[in-house]
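K.L.:
Spelled out from the first residue to the last, the chains are:
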Amino acid sequence: MAVVASESVVEALRRAGEAGTPVRFRGGGTKLGWAANRGEPEIELSTAGLDRILEHNAGDLTAVLEAGVPLARAQAAFAEAGQMLALDPPDDGATIGGIVAAGDSGPRRARYGGVRDLVVGVRVALSDGTVASAGGKVIKNVAGYDLAKLFAGSLGTLGAILEVSVRLHPLPPATATAAGGSHDPDVVARAARELSHAPLEQLGLDVRWGGGDGAVLARFGGAASREQAEAAAAIIGRAGMQPEVVDDDESIWRVQREGQRSADWAVVRISATQTDLEDLFSTVDGLGGRLVGRAALGLSWIQLPERSPEEADAAIETLRRRYTAVVLDAPAGLKADHWGPLDPQARELMRRVRERFDPAGVCNPGAAP
Amino acid sequence: MDGRVAERTDLGPLVAEWRAALGDEHVITHRHQLRTYESDGLLQYAVTPGAVVLPGSTEEVQAVVRSCHHAGVPWVARGAGSGLSGGATPVADGVLISLSRMRRILEVDLDNQRAIVQPGVTNVAVSQAVGPTHFYPPDPSSQIVCTIGGNVAENSGGAHCFKYGFTTNYVTGLELVLPDAELVRVGGKGLDPPGYDLLGAFVGSEGTLAIATKIWLRVLPKPEGVRTLVAFFGSTTQAGEVVSEIVSSGIVPGAIEMMDNLSIRAAEGYTGAGYPIEAGAALVVELDGSEAECSARFDHVVAICERAGADSIRVARDETERELIWKARKAAFAAMGRIAPNYYVQDSVIPRTRLAEVLGRIDELASEYGLQVANVFHAGDGNLHPLVCYDGRKEGEAERAEECAGLIVKACVDAGGSITGEHGVGMDKKRYMPEMFSDADLGAFQRLRCAFDPEQRANPGKVMPTPRLCGEVPGPYRQHPLEQAGLAERF
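For the record, the sequence lines run as chains A and B.
Going left to right, the first sequence walks through residues 1 to 369 as this note's numbering numbers them.
Going left to right, the second sequence walks through residues 1001 to 1491 as this note's numbering numbers them.
Chain A extracted, bound-state conformation (with noise of 0.2 Å):
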């Protein structure tokens, strides 16, 4: 595969879309095994040359980056203000472009919402040679379509994403995390039930269930985060756990965002809702599978174990009987596609989309939808 150095990117991808050559893009790397069992292009382009902070603006809590800025150091310069931006997905060294173009989330998705809610802007390139841009740098505006988003979780089959503009937070003075653990599913279902319904301000509220074994895990960080911890920890002994109230946390947290991803493992996300968590549970253990969600949101990613890809197919078929499931992390062999079905309307739409954007159909069109 060539690999086309970041500085020509909008050149390259115009002399692809000519030529009619497939080529993908590449930030961090941490995430190219997502629907790469549909085919891998020819030419990779990387962002790596786009990689400076073009601003940060404390004052208005946000910033403008190019695709290539690694989240960690972004988010290193943001916290020497004090602020962060509110994204937490797993990969240590994923690139904001590529979190963007993947869709990617973590556990403060629960609070603070996900891509799609933290881009206020994007700068593209298309495979004819254009660069344009939408939205713009501040976090309230509604000026023209919201192309931000539709290029969120594109997988890279629109168009190179250039730049994003965001919105930054706080960074949480103190944090605190009320957990509790069940061998019961229902316990722990439960117990997640009525955090997500309580008037608590969490940070982060999730769950995991694997082997028999459970937890509940509500995050508070604020000026009385404390206190909420302690209301949490309240509800999780009355659903029928010993609950503890932990300060340090940062580890426990990361536990959970390292559920999302597996070496070898085929991962799965799960696009559910808040009363399926006990089936979810119970189908997890049939499968032999492990599982971290965001109990609110009903999201959850499934990890199922190194099998046979024959067997992990079987698998994925028999969790999309019941769900919607995309399928992440897959080891080599696997068979099932990364999308799934969709709606025969809503993918009819999606090509004519893919098709204005690409017309040329040389951006990533393995993993298009």
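Bear in mind the hints are in silico, worked out from the structure with no lab data behind them.
Don't take each hint at face value.
[To be verified] Here are some of the chain B residues that sit facing chain A, going by a computed Cβ distance under 7 Å:
1) ILE1116
2) PRO1194
3) ALA1440
[Claimed, not checked] Cβ pair distances, simulated, as ranges:
4) A:GLU11 to B:LYS1394: 40 to 46 Å
5) B:THR1133 to A:HIS183: 30 to 36 Å
6) A:ASP92 to B:PRO1465: 28 to 34 Å
7) A:ASP186 to B:VAL1124: 54 to 60 Å
8) A:ASP92 to B:GLY1225: 35 to 41 Å
9) B:GLY1023 to A:GLY20: 51 to 57 Å
10) B:THR1133 to A:ASP279: 57 to 63 Å
11) A:VAL246 to B:GLN1128: 23 to 29 Å
12) B:LYS1410 to A:PRO173: 49 to 55 Å
13) A:ILE53 to B:GLN1128: 52 to 58 Å
14) A:ALA332 to B:THR1133: 26 to 32 Å
15) A:ASP279 to B:GLY1023: 40 to 46 Å
For every residue, glycine included, the Cβ atom is placed at its ideal position computed from N, Cα and C.
Mind docking chain B on chain A? Use the hints.
P.N.:
Only chain B this time, still in chain A's reference frame:
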């Protein structure tokens, strides 16, 4: 002649079709009745539509859109008509599709924090349906009349959107009737449906892509506590510094709203809420959340206001006092009638840190044009609502006001802001689009438009500053059927 307009135009055969499909009483062609629909909330734009139809179901919407598709007739969808950008201004040779009859709440699923509604349901009805335990956060000032369908089209915000976000953050599913009358379902109760984020692309598209006939909304548990205060300052600059300090200290108020002296005087004269009319600025701060979090932070906000030299601070002790504080803020637009017979509202956004500078520029422009400009704004997110006051009976004053308003918009864009924060582009602001977007940017918007509506029948003449054609999809490459079926790759 009985005054039926459509019979005199080529809509005639369609009108007969619609009467058969929707029932006689749901097809309006009488000139006097049509005039009810000639404007939305922005009265400067008035066009009598060729006909008005009031479908009662998704199938009826499809029937109307299908006949328009075959006959090449443009259409405009309308909710309550309370929009402020002329986004629902009809087209003379087209049909206005009013969704006001589709006002059923189809499902309330509090366990999953969802409500499924038809587009004609009002904003406030959603909060009522999910209350008292839950609420629907986007709260435009017109929430008693405005509809969810209209909110989706405009990506409506409201006073609480600095903390809670906009309509786009609360729509999890849509059923859409495309301009070729195809029905598409995008998303549902779950988040992150597979494929492109068509929900994100659609919300805020101002009726130019399709008609939403069913909408899945996320609702939230109602916050436990609410604390509200209004603090008065000598100047908007001083109040602006307080806003920055509150926000940078990590406090995210449920709402933070500012009024300048002119709006205070107008609102006070109108409501008698007890605002001191000599104050240079009023700052309404509302915190909500858990009781513990709320009280800790509220004390902090009071301290910041005191330190910044607030002339006085009024804390609401109960719901009645809270309502009184809000009454002045919410009445600000209506109260402008006390200052001038007419006003021109702008909706520009600026980065919050540029507030003093931009307000200074607005003052300069106001004196240059000899007009009064009142400022009411959502201070947290920098969304200004400058109200350029004028007297339309005076020769040329309306034009001067419009010119002045245009320069205010330009000043906001030059400061790194936007031409519209929540009212939408519609008819009113399309001429300002080139201030913010290059030709290539507008071309990218057009690509999305053409994917949904290649013949551009949906709300034509809005958003884009100049008409653009869609044309055939360019480019040398089309997918081979084998590729489409996933049976071959093109290498």
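K.L.:
None of the hints should be skipped; say for each whether it holds.
P.N.:
Now for the hints, and whether the structure bears them out:
1. ILE1116: Hint on ILE1116 (chain B): violated, closest Cβ of chain A at ~12 Å, above 7 Å.
2. PRO1194: holds, 4 Å
3. ALA1440: Holds, about 5 Å.
4. A:GLU11 to B:LYS1394: 40 to 46 Å: Taking Cβ atoms as reference, GLU11 (chain A) and LYS1394 (chain B) lie about 56 Å apart, which means the hint is violated.
5. B:THR1133 to A:HIS183: 30 to 36 Å: About 31 Å separates the Cβ atoms of THR1133 (chain B) and HIS183 (chain A), which means 30 to 36 Å holds.
6. A:ASP92 to B:PRO1465: 28 to 34 Å: With Cβ atoms ~44 Å apart, the hint is violated.
7. A:ASP186 to B:VAL1124: 54 to 60 Å: Roughly 37 Å apart at Cβ, these two residues miss the hinted range, so it is violated.
8. A:ASP92 to B:GLY1225: 35 to 41 Å: At roughly 38 Å between Cβ atoms, GLY1225 (chain B) and ASP92 (chain A) fall inside 35 to 41 Å, so the hint holds.
9. B:GLY1023 to A:GLY20: 51 to 57 Å: Hint holds: Cβ distance 53 Å, inside 51 to 57 Å.
10. B:THR1133 to A:ASP279: 57 to 63 Å: Violated, at about 24 Å.
11. A:VAL246 to B:GLN1128: 23 to 29 Å: violated, 40 Å
12. B:LYS1410 to A:PRO173: 49 to 55 Å: violated, 40 Å
13. A:ILE53 to B:GLN1128: 52 to 58 Å: Check failed, 45 Å falls outside 52 to 58 Å.
14. A:ALA332 to B:THR1133: 26 to 32 Å: violated, 49 Å
15. A:ASP279 to B:GLY1023: 40 to 46 Å: 44 Å Cβ-Cβ, so the 40 to 46 Å window holds.
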